[in-house]
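J.: For the protein sequence lines, the chains are A and B, in the order given. Our numbering applies: residue 1120 is where the first sequence begins, and numbers increase by one. Our numbering applies: residue 1120 is where the second sequence begins, and numbers increase by one.
Simulated from the structure, these hints should not be mistaken for laboratory data. One should not assume that every hint holds.
When chains are identical, the list treats them as one kind, so a pair holds in a single copy or across two.
To be verified - Below, a list of computed lysine-lysine pairs in the DSBU-like style, where the Cα atoms sit at most 30 angstroms apart: (1) K1121 to K1308; (2) K1288 to K1270; (3) K1269 to K1289; (4) K1151 to K1289; (5) K1288 to K1269; (6) K1308 to K1270.
2 protein chains.
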Amino acid sequence: MKIITISREFGSGGRELGKRLADALGFSYYDKEIISAIAKESNFDEQYVEETLLRGLTPNYTLTFGHTFAFGPDPIMQNELKILNLQQEIIKELAKKGNCVMVGRTSGSILEEDYDPLKIFVYADLASKLDRCRSRADAGEHLTDRELEKKIRQIDEGRARHQRLFTDKKWGARENYHLCINTTGLEIKSIVPAVRDYALTWFDQRS
Amino acid sequence: MKIITISREFGSGGRELGKRLADALGFSYYDKEIISAIAKESNFDEQYVEETLLRGLTPNYTLTFGHTFAFGPDPIMQNELKILNLQQEIIKELAKKGNCVMVGRTSGSILEEDYDPLKIFVYADLASKLDRCRSRADAGEHLTDRELEKKIRQIDEGRARHQRLFTDKKWGARENYHLCINTTGLEIKSIVPAVRDYALTWFDQRS
Chain A
1120 MKIITISREF GSGGRELGKR LADALGFSYY DKEIISAIAK ESNFDEQYVE
1170 ETLLRGLTPN YTLTFGHTFA FGPDPIMQNE LKILNLQQEI IKELAKKGNC
1220 VMVGRTSGSI LEEDYDPLKI FVYADLASKL DRCRSRADAG EHLTDRELEK
1270 KIRQIDEGRA RHQRLFTDKK WGARENYHLC INTTGLEIKS IVPAVRDYAL
1320 TWFDQRS
Chain B
1120 MKIITISREF GSGGRELGKR LADALGFSYY DKEIISAIAK ESNFDEQYVE
1170 ETLLRGLTPN YTLTFGHTFA FGPDPIMQNE LKILNLQQEI IKELAKKGNC
1220 VMVGRTSGSI LEEDYDPLKI FVYADLASKL DRCRSRADAG EHLTDRELEK
1270 KIRQIDEGRA RHQRLFTDKK WGARENYHLC INTTGLEIKS IVPAVRDYAL
1320 TWFDQRS
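In isolation and in its complexed conformation, chain A is listed as follows (with noise of 0.2 angstroms):
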């Protein structure tokens, strides 16, 4: 099975590369159906579990207990842990199906027990995420530099919080993935092939 699971920064493309690469690679991609799976198996809106993911547990410790979630007296601390049970659930199940690119839901580490995903974080600097929210027709708009630089650190501090959930694997220190790319400058749909071709060496590679 290969599996390919992208962390990236607000604004750095990576969703965008995930994507791209799935179709280079005819790999399945997820992303947003990591959401809308978990809303249709628990009855939440989507934006609920949206929105639960990003934030993390109301109070904000480690839980890294084996893989499944205990579930505290409290209704809403009840309804996160579901949420993030089901996440996990659906993650492995999906990776079940075969090859594909999964974007964000700290997959990497979710999955890196039973396969060997090959791990990608993807970034770029400021000015760089600015542009490319700004391009973007929703995100970002009415805000200036400096809200949407707040929205942009606030995006992945949630990513990171997120992340220490699952794991004590910070978010974005490359000794936690096998690939670190700056996409500052670029165009990513030019570097979809030389990913690929890396990405396929890399699987022949560990195989």
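Add chain B to chain A, keeping to what the hints say.
T.: Then chain B, alone, in the frame of chain A:
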């Protein structure tokens, strides 16, 4: 001018990657050549030059005032400063000659003001670095794993310290590189074609 600079953890195969990349691209390759040129220019012994560059300046402080190191009154210090100044000059002279790959010597930081070098960082997990060191005939012979681990750490600390003499950009921090490659489990030779293609795309996009 296309310049690739490679920083690397000791034992990660960064030098081999640099040499092979230069061959694959038809670029000049500089590594020990820089040491030899400094030795020749300064009339110091090559080993003394190499040790000085690895160790950094005797008193451990950061010197980043412009591009020339001031000459202190201490004769040992004067030698060290002479070597550091020569290193900068020689790296800049070599860069003028044409497309090249430079390994180590903080060349990425030294050149980034005048050129836009593709800065690559190469790393690996400890087990992989120990294996690679063991497989080299001269490095790490007769050393226990613990001694070899200490040697790896000391050399990398020397590199980080050396970089602090030239720049406030932290050695090994991914934001200071364009591509970070984890060579764990990989034969260096196998990844050269994809990295070469990535480099060519990168130069094309940034020009």
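J.: Evaluate K1288 and K1270 at a C-alpha cut-off of 30 angstroms and name the case that applies: within, between, both or neither.
T.: both (24 angstroms within a copy, 25 angstroms between copies)
J.: Within a copy, between copies, both or neither: which one fits K1288 and K1269 at a CA-CA cutoff of 30 angstroms?
T.: both (24 angstroms within a copy, 23 angstroms between copies)
J.: Between copies, within a copy, both or neither: which fits K1308 and K1270 at Cα up to 30 angstroms?
T.: Classified as within: same-chain Cα gap 25 angstroms, cross-chain 42 angstroms, threshold 30 angstroms.
J.: Can you tell me if K1151 and K1289 fall within 30 angstroms by alpha carbon in one copy, between copies, both or neither?
T.: Cα proximity of K1151 and K1289: one copy only (23 angstroms, versus 35 angstroms across).
J.: Evaluate K1121 and K1308 at a C-alpha cut-off of 30 angstroms and name the case that applies: within, between, both or neither.
T.: This pair counts as both: shortest intra-copy Cα distance 21 angstroms, inter-copy 21 angstroms.
J.: Using 30 angstroms as the alpha carbon limit, work out where K1269 and K1289 are close: within a copy, between copies, both or neither.
T.: Answer is both: 21 angstroms inside a copy and 24 angstroms across each meet the 30 angstroms cutoff.
Hint violations for this structure: none, all hints satisfied.
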